[in-house]
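Going line by line, the protein sequences match chains X and L.
Per the working numbering, residue 1 is the first one in the first sequence, and the count goes up by one each step.
Per the working numbering, residue 1 is the first one in the second sequence, and the count goes up by one each step.
One thing to keep in mind: the hints can contain errors.
Stated by the list, open to error - Computed far set for chain L versus chain X, every beta-carbon distance over 12 Å: (1) Ser4; (2) Arg7; (3) Pro103; (4) Leu118; (5) Lys127; (6) Ala136; (7) Thr146; (8) Tyr150; (9) Asn154.
What the hints assert, rightly or not - A few chain X residues that face chain L, going by a derived Cβ cut-off under 8 Å, partial list only: (10) His41; (11) Leu44; (12) Val61; (13) Tyr131; (14) Ala136; (15) Leu137; (16) Pro149.
What the hints assert, rightly or not - The following label-pair restraints were derived from C-beta to C-beta distances: (17) X:Ser109 with L:Thr86: 14 to 24 Å; (18) X:Gly156 with L:Pro151: 54 to 64 Å; (19) L:Ser126 with X:Arg132: 26 to 36 Å; (20) L:Arg96 with X:Lys73: 23 to 33 Å; (21) X:Val34 with L:Pro10: 42 to 52 Å; (22) L:Asp100 with X:Gly157: 47 to 57 Å; (23) L:Pro103 with X:Pro111: 27 to 37 Å; (24) X:Asp108 with L:Pro103: 19 to 29 Å; (25) L:Glu49 with X:Ile115: 45 to 55 Å; (26) X:Leu8 with L:Leu29: 38 to 48 Å; (27) X:Ala49 with L:Ile23: 24 to 34 Å; (28) X:Lys48 with L:Asp89: 44 to 54 Å.
Because the hints were derived from the structure by calculation, they are not lab data.
Here the structure is a predicted model, which is why all the values come from computation and not from measurement.
All C-beta atoms in this analysis are idealised placements derived from N, C-alpha and C, irrespective of residue type, glycine included.
Residues per chain are reported as follows:
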Amino acid sequence: MNFKEIRLIRVLLWILFYLITLFLFIFLLVIPAVKRYKEIHGALLSQKATYRTVKQEYDRVSKKLEKLRHDHKKVIEAFESRWDRTRFEALAKRYFSSVSLKPVDTNDSDPHFKIYEVDARVQMSSPQNFYRFIDALPTLPFAIQADFPIAFRSVGGDTIDGIFRIKVYEEKRASVDSNASKPPVSKR
Amino acid sequence: MAYSFLRPNPKPRIDTDSRILAIFLVVTLLIIVAFTAFLWYRSDTMRREIAQMRQQEGIMKSRMAHKRAQIARIERLVRKYDAIETNNDLLKDSIRNLFDLVPDQITLTRAVLDRNGLALYGVTPSKEVYNYLLLAPLKSVFKRSTTTFYPLKNGWYRFVSINEGSIEAGSEVER
Numbered sequence: 001m002n003f004k005e006i007r008l009i010r011v012l013l014w015i016l017f018y019l020i021t022l023f024l025f026i027f028l029l030v031i032p033a034v035k036r037y038k039e040i041h042g043a044l045l046s047q048k049a050t051y052r053t054v055k056q057e058y059d060r061v062s063k064k065l066e067k068l069r070h071d072h073k074k075v076i077e078a079f080e081s082r083w084d085r086t087r088f089e090a091l092a093k094r095y096f097s098s099v100s101l102k103p104v105d106t107n108d109s110d111p112h113f114k115i116y117e118v119d120a121r122v123q124m125s126s127p128q129n130f131y132r133f134i135d136a137l138p139t140l141p142f143a144i145q146a147d148f149p150i151a152f153r154s155v156g157g158d159t160i161d162g163i164f165r166i167k168v169y170e171e172k173r174a175s176v177d178s179n180a181s182k183p184p185v186s187k188r
Numbered sequence: 001m002a003y004s005f006l007r008p009n010p011k012p013r014i015d016t017d018s019r020i021l022a023i024f025l026v027v028t029l030l031i032i033v034a035f036t037a038f039l040w041y042r043s044d045t046m047r048r049e050i051a052q053m054r055q056q057e058g059i060m061k062s063r064m065a066h067k068r069a070q071i072a073r074i075e076r077l078v079r080k081y082d083a084i085e086t087n088n089d090l091l092k093d094s095i096r097n098l099f100d101l102v103p104d105q106i107t108l109t110r111a112v113l114d115r116n117g118l119a120l121y122g123v124t125p126s127k128e129v130y131n132y133l134l135l136a137p138l139k140s141v142f143k144r145s146t147t148t149f150y151p152l153k154n155g156w157y158r159f160v161s162i163n164e165g166s167i168e169a170g171s172e173v174e175r
C-alpha cells in the first residue's frame, strides 16, 4: 500500500466519521427540537385563534355595555337612587296646590326591586295638572309609576281633590352589588 | 554531514487533510447545536406566550361574564322603566278619556277609578241626558254599568254609576 492509498483511506474514514456524527446529532438533537417546535407552534397558532375570538367577543360585549350605560344613564340612576319624598314633593308642588304623601307599603318580594307604595293626596284646579304631572315624572331621578286606585272629588269652586297611588321602584342593593362594577349612586 | 540545506520540520501530529476535515466537522456540529438551541429557545418563548395568552383569556372570560351580567341588569332596568312609562301614559290616557266622556250638561262630583272598574258620582239635568250622553259611551267601555238616580229638589238628578270591567292601564303592561 503506497502513501497515496493510505491518505485516501484516512480521508474516507474521516468522512465516514463526519457523516455518522452528523446523523447522530441530527437524530438526537435537531429532529426532537424541530418536532417540539412544530408542536408548540401549532398550539400557539390555535391559541392565537382562540384568543382572537375571545378578544373580539370581549370587545363586542364591552362596547355593548358602554353603549347601554351611556344610552340609559338616566334609567340606571333612576333605579339606583334612593327614594326621597322631599324631591318628589318639590316636583308635585309645581303642578298641585297642595301635596301630602302617606306611605302605604314596602314590597320586598320582587327579586330585583324594592317597591315603595305611597298614597298621594293632592289638590288641583284642573285634571290637566294631573296629566302634566304624569308627563313630568320622567324628569325625576326615580322610577315612579302612578297606579290605581285613583279618586277625584270636586270640593267646590275650581278645586279638585285627588288621591292616587304611586309605586317607586328602587333596585335592591344586593342585586346592584352583585352586578355592578361601580358603586351605586346614592342620592340620599 | 548534511544532505540538505533545509532544516527538517518536525512531523505534525495531525496532517493537513485531517485538520481541515476536523475543523469542518466542528463547525458543522456547532451550527447544528446553535440551531437546536435556537429552536429550544423559540419553543420556550412560544410556550410562555401561550401561557400568558391563556391567562389573559381566563381574565377576559371572567370579566366578560361580569359584563354580561351588567348588560342583563341594564336591559332589565330599561324594560322595567319602559313598562313604567307605558303604564303612566296609559293611566293618563284612561283618565283623559274618562273625563272626555262626560258631556258638558252633566257635572261630575266624584270619580273613583280602580283596576276593576269605575265609580262616578254627579248631577244630571235628566235621566235621558244621562242615558244618551254618558251611559252609552260607558257601556261601550265597561262590561256592566249600573246607575242609581236620586231626585233633587230642583228637578235634576244626583246619580251614582258603578261600572265594572278592566281598565287598560297599570301593572298589566309590566314585563
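Right, here's what the structure says about each hint:
1. Ser4: For Ser4 (chain L), whose nearest Cβ neighbour in chain X is about 20 Å away, the distance exceeds 12 Å, so it holds.
2. Arg7: 23 Å, holds
3. Pro103: 16 Å, holds
4. Leu118: For Leu118 (chain L), whose nearest Cβ neighbour in chain X is about 10 Å away, the distance does not exceed 12 Å, so it is violated.
5. Lys127: 21 Å, holds
6. Ala136: Ala136 (chain L) is indeed farther than 12 Å from all Cβ atoms of chain X, at 22 Å.
7. Thr146: Given that every Cβ of chain X is farther than 12 Å from that of Thr146 (chain L), nearest at about 19 Å, it holds.
8. Tyr150: 17 Å, holds
9. Asn154: 18 Å, holds
10. His41: 6 Å, holds
11. Leu44: Interface hint status for Leu44 (chain X): holds (5 Å vs cutoff 8 Å).
12. Val61: 5 Å, holds
13. Tyr131: 5 Å, holds
14. Ala136: Since chain L brings no Cβ nearer than about 10 Å to Ala136 (chain X), farther than 8 Å, the hint is violated.
15. Leu137: 6 Å, holds
16. Pro149: 5 Å, holds
17. X:Ser109 with L:Thr86: 14 to 24 Å: 22 Å, holds
18. X:Gly156 with L:Pro151: 54 to 64 Å: 22 Å, violated
19. L:Ser126 with X:Arg132: 26 to 36 Å: Holds, since Ser126 (chain L) and Arg132 (chain X) (Cβ atoms, about 35 Å apart) stay within the stated range.
20. L:Arg96 with X:Lys73: 23 to 33 Å: Between Arg96 (chain L) and Lys73 (chain X), where Cβ atoms are some 31 Å apart, the hint holds.
21. X:Val34 with L:Pro10: 42 to 52 Å: 46 Å, holds
22. L:Asp100 with X:Gly157: 47 to 57 Å: Violated: the Cβ-Cβ distance is about 22 Å, outside 47 to 57 Å.
23. L:Pro103 with X:Pro111: 27 to 37 Å: 48 Å, violated
24. X:Asp108 with L:Pro103: 19 to 29 Å: Given a distance of about 46 Å, which is not inside 19 to 29 Å, the answer is violated.
25. L:Glu49 with X:Ile115: 45 to 55 Å: 53 Å, holds
26. X:Leu8 with L:Leu29: 38 to 48 Å: Cβ of Leu8 (chain X) to Cβ of Leu29 (chain L): about 24 Å, so the range 38 to 48 Å is violated.
27. X:Ala49 with L:Ile23: 24 to 34 Å: Since the Cβ atoms of Ala49 (chain X) and Ile23 (chain L) sit about 47 Å apart, the hinted range of 24 to 34 Å is violated.
28. X:Lys48 with L:Asp89: 44 to 54 Å: 52 Å, holds
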